[in-house]
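Trainee: Chains L and V, in that order, give the protein sequences. Under our numbering, the first residue of the first sequence carries the number 308, and numbering increases by one thereafter. Under our numbering, the first residue of the second sequence carries the number 2, and numbering increases by one thereafter.
Worth flagging that the hints you see were computed from the coordinates, not collected in a lab. These numbers were taken from a predicted model, which means no experiment stands behind them. Be careful, since some hints might not be right.
Here are the simulated EDC-like cross-link-like pairs (lysine to aspartate or glutamate), alpha carbons at most 20 Å apart as the crow flies [what the hints assert, rightly or not]:
id, chain 1, residue 1, chain 2, residue 2
1, V, 94, L, 505
2, V, 117, V, 157
3, L, 533, V, 74
4, L, 533, L, 505
5, V, 94, V, 188
6, L, 528, L, 543
7, V, 32, V, 130
8, L, 528, V, 97
9, L, 528, L, 500
10, L, 533, V, 97
A short, non-exhaustive set of chain L residues, derived as facing chain V with CB atoms under 8 Å [said to hold, decoys possible]:
id, residue
11, 534
12, 538
13, 549
14, 552
15, 553
16, 556
17, 557
18, 559
19, 560
20, 561
Distance windows between CB atoms, simulated [what the hints assert, rightly or not]:
id, chain 1, residue 1, chain 2, residue 2, range
21, V, 114, L, 544, 52 to 60 Å
22, L, 548, V, 151, 23 to 31 Å
23, V, 47, L, 533, 50 to 58 Å
24, L, 461, V, 122, 56 to 64 Å
25, V, 32, L, 357, 29 to 37 Å
26, L, 366, V, 50, 33 to 41 Å
27, L, 364, V, 9, 28 to 36 Å
28, L, 529, V, 122, 40 to 48 Å
29, V, 143, L, 406, 41 to 49 Å
30, L, 419, V, 47, 45 to 53 Å
31, L, 501, V, 47, 41 to 49 Å
32, L, 403, V, 28, 56 to 64 Å
Ideal Cβ positions, reconstructed from N, Cα and C, are used throughout, including at glycine.
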Amino acid sequence: MKQENPFAQLRPDSRVGIVGIPPLAVIGRLNSLGAQIYDLDEPQINTDMELTAPFLPRVYCAILRTALLNALHLELDMIVIDVGPGKCDCALHVSTVLQDMLRIPVIRTRNEDDVPFGHPLCETKMSLLEKLKRITAGVQSAAPHQPEKFPPCRPTAGFWGVPPRDFSLLTLFPDTTHIYGWTRCMENKTPADGELEEMFNAEVPTIFFAQSFCAKTALAKFLAAKHPHGLYLDVDVTCSSSTQAKIQAFLELSGVGHAAR
Amino acid sequence: MLLADFGTSYCKFRELGGPAGAGQPYLLATKDLPKNLRVDLATGHNGKRFSDRYVNELTALARGGEDLIAAPDYVLLDCGSRDIKYVSYCHGKLADMGWNSECGASMGFTIELLEKYYNLDYGKLAVPERTFSITCGVLGMSHIFDAVTSGISEAEAVARFVKGIALNAYRFSGSPETLYLSGGLCDNPLFVGSFPCNIIPLGRFVLIKGLEKTAREHLSIAL
Ligand code: SF4
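Chain V extracted, bound-state conformation (with noise of 0.2 Å):
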């Protein structure tokens, strides 16, 4: 059985069942996917077009957060190329979500497509201590362009931009104390270091741990 999670750069994707068992979840960009492919189980942006049953990327969310999560109270933050999402449990039950295809617009596509445009290594950049005030990535780069022009070096002016978009999907998520975060993001360490609290990086395949508990638990399928 074939999960996946179809994002807007990259596709993440596990076999499961299959004579050699489990196998391990890869990673394939979009661009890049065969065009005939058919899968079993999908989530993710343009998930429909790959399956005939599809599960909602906060479903997905919340299903992998419950799996991977031990502690009952707690807030999960995706954040993806396009989009942020975040879902709160309490006592081990949902609480409260958001989705933010608006204001998140484009912001982990930004990221990525700013250290590729100004040759930088997010490994190396350290921390900055100011930041920009950034709702979207599209309407943050013209702070970036304008931080340049004013003699700021393109380093700084984009790890601002970097830590503005933590605080903003930070508060999104409703400001708490330890957030675990998911996505491509948690490999990024600039990223993960300018969010004002403590960060539990749960890495990229959270929600096809939500696929696979969907799978067991929803669709009887024995895994």
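Bound conformation, chain L alone (with noise of 0.2 Å):
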């Protein structure tokens, strides 16, 4: 961080918006200061993602042409943005942006947090778009998991991946599905842990998911050919239909159940 305190000028009510996961230091800062925190990598705003078109390109990561859309709309009195090796050069760049466009701190962090809070909801029984939805929400917060209330259950596939732009691709899959690669790392809070990352069930059919235009479909191509059973995945702002039925027919003719639609 360059300035010495950036939090100093936060009031309890001030909106703090955050992009990529702040390592947990600046998260616990800003819950002890009262700060309302929100999450500018998912969509917070119903509007059209063409007014991002001035600032960045469009053939662009969607969750960063989102937090960048929300940065537009949400009054915001500061962002907090992660361009540490757990997030990406994309983001990088845009906190150059924003700082340009904004008039608010734009402040750089580099989230190199390295003690695991383990991942139980990764592999409960829930709706995968619930499990998406806490883990994403957990960011928020800097309190200790509570395993105990998420037993884990035997996987029937998996998930491998970043937190889609679109969530509804998430509805497709079977209650039983496991979550690996970057959303496994953070949930155990450890965005950093490229071994994490690269971890995949050999024994479940799983799905190599990446945003179009992120470094990562580079590996979630790589693992999708590794894996056995495994099919990859991209998909930019929005899943179309033939993408959807890709994931229904891939999950179905692996003999497991997809949820019906």
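Two chains, two separate frames, one set of hints: put the complex together.
Mentor: See the structure below:
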């Protein structure tokens, strides 16, 4: 962080947007100050993505385009954006754009937290959509997990990757889907743990997902080829009907019942 | 039990288990479909409108391939009017799949349209030496107009376009040595001859075969 104490100016009700996973110490600080945290990686407002076109190329990660769209519309007092090994260079460049575009502090962090919190939600029986919602919401808290509430289940399918821009694709998976990849690192609160990110379960059919135009597409494709029953998938802003059909068919033909839609 | 594959240009049907046993599969132009039509099991674009039981197109294609292809390792490509999709199997198990409805858009439809527009017969056109680089039917048409303007015959320009589409579909499906082909374009000798690999055409009714397999094995309907 460049400034000495960038948080000194925050009031208890200050509105702080976060991009990626800021270090736990920062989240703890924001929580203790009583700041309202907005996860800018997720759609917070319902408006046209085209509004980001003057600032970012259309061919760019949809998560970061969404973050910028949120930042344009939410009246924030500060943005904390992680640009360390747990996020990406795309976020680093977006932080430059945000700083130029807005008159609020844009604080860059490098999250290298390495204390594992565990990942009970990734392995429990629950709709995949709900699991992802809880994991992403968990970013705003520094509290420890409650693994006893989420016992592990036997997996029938795997979802590897980042939380997608379009959560609707998650509704296609069965409740016994285990989560791998960066989303697992997210729940574990170790977003830069490359080893954990590369893990998969070769026993269950797995979809290796990445956002289109993200560097992780290479890792997703590579791991899908290594997996005895993996399918690589990249999606941009929204999941098209043919991509939905691809997920359904993959699960169906792998003998895994997909969730009815 | 009436099975149907609702395509963009043509719909394919087969009646099963009637008093006369299984009927022959048949075709109807999509624009001529009866308004109140209902079928027992459907697949294809718009299929959900006509039936309470729907199988997605990739699943129907894969199951059709499982029924029709004896080899354990294969790639099966379906070229439709508005999209292309493939499934690949390794040791008898699904290994990969793809569905291109954006870049493969309107390929088959454009090929049919061009034959009528330029009054050509694909049965009589030779596979050209050269090709256009084409990823989409609509965008590819501008290559034809440019070529014709530059003095190339309409037949040669269209043949290059068709070859470009075949090459694009071949690459999309992973450039296999042998490709099983599904869809109406199996009957187009210029298209089939334009692939740089061994082609085994399976015809228009592969997805209907997949529906039969679904009815038999997954809905427990005795046929
Ligand atoms: S999806 Fe990829 S490019 Fe987008 S923010 Fe995450 S790591 Fe960066």
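Trainee: Against each hint, give a clear statement of whether it holds in the structure.
Mentor: Hints and how they fare:
1. V/94 - L/505: At roughly 24 Å apart (the allowed maximum being 20 Å), residue 505 of chain L and residue 94 of chain V break the hint.
2. V/117 - V/157: Roughly 15 Å between the alpha carbons, so the hint for residue 117 of chain V and residue 157 of chain V holds.
3. L/533 - V/74: holds (18 Å)
4. L/533 - L/505: Satisfied, since the Cα-Cα distance of roughly 11 Å is no more than 20 Å.
5. V/94 - V/188: This hinted pair is violated, its Cα atoms lying about 28 Å apart.
6. L/528 - L/543: The hint holds at about 16 Å.
7. V/32 - V/130: Given that 20 Å is the threshold and the Cα spacing comes to 36 Å, the pair is violated.
8. L/528 - V/97: Answer holds: residue 528 of chain L to residue 97 of chain V is near 12 Å, not above 20 Å.
9. L/528 - L/500: Holds, at roughly 19 Å.
10. L/533 - V/97: holds (12 Å)
11. 534: violated (11 Å)
12. 538: Where the cut-off is 8 Å and the nearest Cβ of chain V is about 7 Å from residue 538 of chain L, the hint holds.
13. 549: holds (4 Å)
14. 552: Holds - the Cβ of residue 552 of chain L comes within 8 Å of chain V, reaching about 4 Å at its closest.
15. 553: At 5 Å from the nearest chain V Cβ, residue 553 of chain L passes the 8 Å test, so the hint holds.
16. 556: Holds, about 4 Å.
17. 557: holds (7 Å)
18. 559: With a closest approach of 5 Å, the residue 559 of chain L hint holds.
19. 560: Residue 560 of chain L check passes; min Cβ-Cβ to chain V is 5 Å, inside 8 Å.
20. 561: With a minimum Cβ separation of about 7 Å from chain V (threshold 8 Å), the hint on residue 561 of chain L holds.
21. V/114 - L/544: 52 to 60 Å: violated (31 Å)
22. L/548 - V/151: 23 to 31 Å: violated (39 Å)
23. V/47 - L/533: 50 to 58 Å: For residue 47 of chain V and residue 533 of chain L the Cβ distance comes to about 38 Å; the hint is violated.
24. L/461 - V/122: 56 to 64 Å: Holds, at about 59 Å.
25. V/32 - L/357: 29 to 37 Å: holds (35 Å)
26. L/366 - V/50: 33 to 41 Å: holds (34 Å)
27. L/364 - V/9: 28 to 36 Å: Given a distance of about 33 Å, which is inside 28 to 36 Å, the answer is holds.
28. L/529 - V/122: 40 to 48 Å: For residue 529 of chain L and residue 122 of chain V the Cβ distance comes to about 47 Å; the hint holds.
29. V/143 - L/406: 41 to 49 Å: Given about 42 Å between the Cβ atoms, the range holds.
30. L/419 - V/47: 45 to 53 Å: holds (52 Å)
31. L/501 - V/47: 41 to 49 Å: With Cβ atoms ~45 Å apart, the hint holds.
32. L/403 - V/28: 56 to 64 Å: This hint holds: roughly 58 Å between Cβ atoms.
Hint violations for this structure: numbers 1, 5, 7, 11, 21, 22 and 23, all remaining hints satisfied.
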